[in-house]
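J.: Sequence:
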Amino acid sequence: MKKILIRLIPIFLFLGGFIIYDMMNWGEQSDADQRYFENLNLSLSGKISDIIPLNYGHDYGIITVDLKNCNTKYYDGRNSKQFIGIIKDGQAKLIVMNESEIQKNDSIFINISDFQIKRENKILNKKYILGLPPTTTLNNPWSEIKDKLSD
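Numbered per my numbering, the sequence shown finishes at 151, counting up by one with no gaps.
Source of the hints: derived by calculation from the structure; they are not laboratory data. Be careful, since some hints might not be right.
Said to hold, decoys possible - Cut-off 30 Å, straight-line C-alpha distance, at most; resulting in silico cross-link-like pairs (DSSO-like, lysine-lysine):
#1 Lys81 with Lys68
#2 Lys81 with Lys93
#3 Lys47 with Lys3
#4 Lys93 with Lys148
#5 Lys122 with Lys81
#6 Lys122 with Lys104
#7 Lys146 with Lys88
#8 Lys68 with Lys118
#9 Lys104 with Lys81
#10 Lys122 with Lys88
Build the full structure now, drawing on both the sequences and the hints.
T.: Structure below.
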């Protein structure tokens, strides 16, 4: 029994170290995301026409927005490490957090420093964040996101 426990200790140490590493790098991903959003300088408004929850969970999803205004006609960052979705042909498909709180026909207003969702002309209190899920975890949703955003 002791021999088995001695052999399992390195495995537990490795798994514990990986979890601690993942937790320590969580803030770095957020800082990188913030810089990425600032560099995009995205501004758009429109109505949400579709919501697709991700199997990944954690309340991430993809929303489809029929655009009224947008400062860019085309954006597709799927070939880069970080991206927020796709903008083309008068629609935006964006990765968001708190997707369970969003409903079809909600109005959306995004200025990179401000992200608001309105329902019946009232701003919803919960923060809706353009989401970039973690890339450093074993269970990350990027392949699922790319599949759902494929043409």
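J.: Where does the structure disagree with the numbered hints, that is, which hint numbers, in rising order?
T.: Per hint list: 3, 5 violated.
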